[in-house]
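Q: These are the residues of each chain, in order.
Protein chains: 4
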Amino acid sequence: MEKYISVKELEDAALEKLPKNARDYYKSGATDEHTLAENRRSFQRLRILPRCLVGVEKFNLGTKVLGYEVSMPVGISPSAMQRMAHPDGELANVKAAQAERVIYTLSTIATSSIEEVAEAAPDAIKWFQLYIYNDREVTRELVTRAEKAGFKAIVLTVDTPLFGLRRADVRNKFTLPSHLKLANFEGHLSTKIHATGNGSGLNEYVNNLFDKSLTWKDIKWLKSITKLPIVAKGILRGDDAVKAVEAGCSGILVSNHGARQLDGVPTTIEALPEIVEAVKNYNVEVYLDGGVMTGTDVYKALALGAKMVFVGRPALWGLAVGGQAGVQKMLSIFRTELEYTLQIAGTPIVADITKDMVRHEFTYSKL
Amino acid sequence: MEKYISVKELEDAALEKLPKNARDYYKSGATDEHTLAENRRSFQRLRILPRCLVGVEKFNLGTKVLGYEVSMPVGISPSAMQRMAHPDGELANVKAAQAERVIYTLSTIATSSIEEVAEAAPDAIKWFQLYIYNDREVTRELVTRAEKAGFKAIVLTVDTPLFGLRRADVRNKFTLPSHLKLANFEGHLSTKIHATGNGSGLNEYVNNLFDKSLTWKDIKWLKSITKLPIVAKGILRGDDAVKAVEAGCSGILVSNHGARQLDGVPTTIEALPEIVEAVKNYNVEVYLDGGVMTGTDVYKALALGAKMVFVGRPALWGLAVGGQAGVQKMLSIFRTELEYTLQIAGTPIVADITKDMVRHEFTYSKL
Amino acid sequence: MEKYISVKELEDAALEKLPKNARDYYKSGATDEHTLAENRRSFQRLRILPRCLVGVEKFNLGTKVLGYEVSMPVGISPSAMQRMAHPDGELANVKAAQAERVIYTLSTIATSSIEEVAEAAPDAIKWFQLYIYNDREVTRELVTRAEKAGFKAIVLTVDTPLFGLRRADVRNKFTLPSHLKLANFEGHLSTKIHATGNGSGLNEYVNNLFDKSLTWKDIKWLKSITKLPIVAKGILRGDDAVKAVEAGCSGILVSNHGARQLDGVPTTIEALPEIVEAVKNYNVEVYLDGGVMTGTDVYKALALGAKMVFVGRPALWGLAVGGQAGVQKMLSIFRTELEYTLQIAGTPIVADITKDMVRHEFTYSKL
Amino acid sequence: MEKYISVKELEDAALEKLPKNARDYYKSGATDEHTLAENRRSFQRLRILPRCLVGVEKFNLGTKVLGYEVSMPVGISPSAMQRMAHPDGELANVKAAQAERVIYTLSTIATSSIEEVAEAAPDAIKWFQLYIYNDREVTRELVTRAEKAGFKAIVLTVDTPLFGLRRADVRNKFTLPSHLKLANFEGHLSTKIHATGNGSGLNEYVNNLFDKSLTWKDIKWLKSITKLPIVAKGILRGDDAVKAVEAGCSGILVSNHGARQLDGVPTTIEALPEIVEAVKNYNVEVYLDGGVMTGTDVYKALALGAKMVFVGRPALWGLAVGGQAGVQKMLSIFRTELEYTLQIAGTPIVADITKDMVRHEFTYSKL
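Chains as they are written, first to last, in the working numbering: chain A, 1 to 367; chain B, 1 to 367; chain C, 1 to 367; chain D, 1 to 367.
Chain A extracted, bound-state conformation:
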């Protein structure tokens, strides 16, 4: 692991190692992948304005999210079917999160079950990502099991009435490898994804089973079946953020689903300020994922109002390269980069990272 110094190097190694079906599934964005590239580039358009000589001998990356302490403001976003990346899949990932004391978010469409994950890492702070199925009993059972297994929040994906159009998956007629199954389900719900047709098997699965008629009113139903706080994942508009809070959500995860849903949407760092502004008078936490690959990316998101930043693909790259150790390596790269960033920027603790620490490059065009 020692030779990996940046997340980019882990990505390169993982892309070389993964079989085509999984590699394409993990790396693809929607259609032309313009947003996939912009997710990265838009971070580079922001400048960090370091403060000098502030005394940084007592720096500290720790922060608190939904009341729980974590070792740094970087957590793991949900991603589906992690056993495609490594035999240990979700279990390796959650153990890495436990070891590094960061949040792990388990996908509904995981290849390890809620209970397996809970057992593998009982001390990790675990969140459960939820897709709402047409069959509400299926949904209710997922939520109940997650709560019972000690998960601390429900991350409701709100940007997915259907899965985005990812051309490589259509071309590959993507299906879950036959030795794996969707472990949170029994029977056809766990294996239907194998059924091949024209195009992506995953898209067929989703289109058949997910509830497209969902509205903000359904949050009420969700709150009726769980006491866990609800995080709305996939918000890109200020008015939607307000709707989420008023519907009872405790957190907003600003996300464009890794640029996998709709090409041409705002990057998440573009969308963040408007959303933070929209909900500033509410008691809600705002998070961000999408395109985060370095400690300075994390820093910029925090400065613009995110309480926490999540990373999805980086965990997959770490997982593919070295299982649990690979994911821990990825997290330790972020930790190191954040330690350097907070100290050099002169904001030794997370609470110091205020909005005036960041500026858009365009503001330097006004001579």
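Calculated directly from the structure, the hints in this document are not laboratory data.
Note that the structure is a prediction, hence the values are computed from the model and not measured.
Treat the hints with care, as some may be off.
Copies of one chain are not kept apart here, so a pair can be met inside one copy or by any two copies together.
Stated by the list, open to error - Dumping the calculated BS3-like pairs for lysine-lysine here, alpha-carbon to alpha-carbon at most 30 Å:
no., residue 1, residue 2
1, Lys223, Lys3
2, Lys220, Lys58
3, Lys3, Lys27
4, Lys17, Lys173
Use these hints to put chains B, C and D onto chain A, whose structure you have.
A: Only chains B, C and D this time, still in chain A's reference frame:
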């Protein structure tokens, strides 16, 4: 056909397949082709801002144009001499439009006649693109025949006092292959395009025969010879759009003629908002063509006020690759991409696609 | 000549044909050549907004400059030592200008004399570009001879206290080939440029002989020795344009000396609007050169207030490729492109090309 | 040396010549090196607006810094361990500065001692760059020795609570070659940098020995132990500049440490105007380093309010290529380019270079 997942792939296949003379004619833009590239790039500068959890189970791409229902807001723009792309030429194209229930626009300079096209696809909604010849009787006859053959609108090209300077055509001394003719004409008007000189045979044809003295007053004459609604194609300025409406046009097709007339003009998605604003108090429909290659391009144009989007080259690429089936493939790609886009954007019907769904990337530079 | 369809192709052919010493001299810009590239790119940032259906049957490129009629608003800028490009040098160039009825500007540092040029093309409208030498008698004689030979204006270069740093010339230790001389001079002034030292021989020549102490007051002296109108060439600031007019100049040539003097200055199309605005209440004509390679470039400059556009390198490329015929080819390419542009833009005569015909691409970022 | 015409060529030659360990150390920037590239690019976004005909026969590059006359407004920034570039290291560098009458700044972490440097170039204007060690007696001794040896200012680095993360150094496990030592120290402080661990030996050295608890109050202590003026190096914010002045600094060196501390910070030419504005009512000089490679870069910084510009890497490239002669070559390139720039820009003396001589390219987008 199954292997083509994007319009870009159809384009690549077509460019490989077409003979040089036709390929260059279809793909070229005016002089330096800067606008040709910008037509694409300027779509990418716009962001779609999806709404979450709106309930999209009843999405519908259908819309109505000049009173006629179509299955989606994508139609086929006129392009000349389609038998250069495929032996079935315009007939394959119009049959595809009929099968997919979208508008087909026949060019004046077609290699199939008005009557052949009408007979091939009696149920298609057909529009007729008109160039006005110096010989007004020739023009009158074209319009009369189109009306009689059941075409539903006259699309008057207003940006072409002469054809733009396309260097490849000059270099190729472009002429229509000798086994083809301009099928809407008899005698020299149908074959004069074969006469070679220095440079493009088409440009010579146009320069000799088209009426350069046209003004907005001539719309009055055109209305005196037909009851069909008139669409002005090639508008790029708000003041011209007003002139078109006040002259009696029912539709404005914002177009830069596929970047083929004058290099350096605005892209159509750039020009659209000003034109929509200029005619907002008139009873007129606004359309757009130029550089449209994906469902999100279509969506952006609709959000900025277009009632319908037309595609020209994509139909030629489909035609070259597979005749009618290729054009249908092209249309089905747009349909699929639009279905994904409308649902994921949270605007399940066309009327939901309002201006606030789209924003310029530059608006995210204001930190 | 027929195979050349664009000025770019003439350039490519010329660069292949010219010996290194001359090629580098002609094509180089100052130091990093950033402005050399920007001179081209900044034209592409402007959009032309065509008007439709205005009736363009009577288009006309003719215009009048300092009272003289020319066939189009494109003239030939001065460039030094043209016999390096072709044995006929300045004589071929001025004959081409005469044949095409455009202005030719002869350089002080020419390889053909004032009198030779006048005799070669007695009917051409000729301007004389002037460098002021330390020896004012030398200068006076140049001006007197030009006036006597029928030149119609003195183009005083105001941006050259010394020649810019062009690295290739330094590297090549540029000197005039030994069979050529500076034909406007006798004795050491005609041959001193051959003396080699370290670096560019031309720079040494200029640094030794040109008057660095010149100020706007010296225009008064110049007006005392000639009745010809004076054009100030090399202005990039509005306040300098006002000084030029108040000093008695009749024309302002907005120029960055082909990006050869100082890297990082504004491109000429960037500088033009401010200068036009600054002198709008004076009786003065404003021209532009720099980076002009197509008819739409010319058009954009006219729309922003230039009365005439000049081209320097394009004449050298034509000259190198085919002597007089090559220069005429170059001019005919501009003529053709302008004919297309004026007609398609709906501004059939030069006076129609008003400011509202052009807009910066940035104005389309305001959604 | 004669063949080198630009600093870029010296850089290319040096990069070819240097061993990997030193090359990577010198050329690297922090993490993704985005700021390293932007440091260069942001100079190119500024335009110089030359004045014509001002009379430049008496141009002069001389200026005064902290009361001392120098031959041009370009000095040498501190860089560590210069004997890695050439056996003569700091001694060659300071002799070049003496010969060219520009300021030389010696690094705390030098491979030649304060006294050796002073003896090598007694007439040079020398500044001493200071890192404050945890052991204040070590620090006090450095300052006292520098003052005694005739150095004229203390350049306190304020942006380095720890050294930035430079990936190549981590990969190379960078250490000082064993035949060299940190010559300003005795015992472990001079050799500890050889101790290898995981990652960069330099970073370990710095993290162990430098005082991270420094605040602006410590300037007071520094002023208590020296009469030399203090320059704060590494300021990127206006408010920090004010703090520096109010703490007693006589100069502000706007610097991002050659883009080596934190990727994503403003470039120095971006940060400069805000800082100049912030301290305009104080008696303080403002300088700049970072990305300066040409005379026009220097000019732009002066126009935006810098009193002097410093170059770090260019001195290393010159040193690597040719020792003292190489550094002098580098300085003479800047001198020549500045001579051309001041004359052609029509600002023959440094005091003429006012703010209105420069404008951002974006200001030309307002048509």
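Q: Does each hint fit the structure? Answer for all of them.
A: Consistency of the hints with the structure:
| no. | hint | result |
| --- | --- | --- |
| 1 | Lys223 to Lys3 | neither (46 Å within a copy, 45 Å between copies) |
| 2 | Lys220 to Lys58 | between (44 Å within a copy, 22 Å between copies) |
| 3 | Lys3 to Lys27 | both (22 Å within a copy, 21 Å between copies) |
| 4 | Lys17 to Lys173 | both (20 Å within a copy, 27 Å between copies) |
In terms of the numbered hints stated before, the structure departs from hint 1 and from no other.
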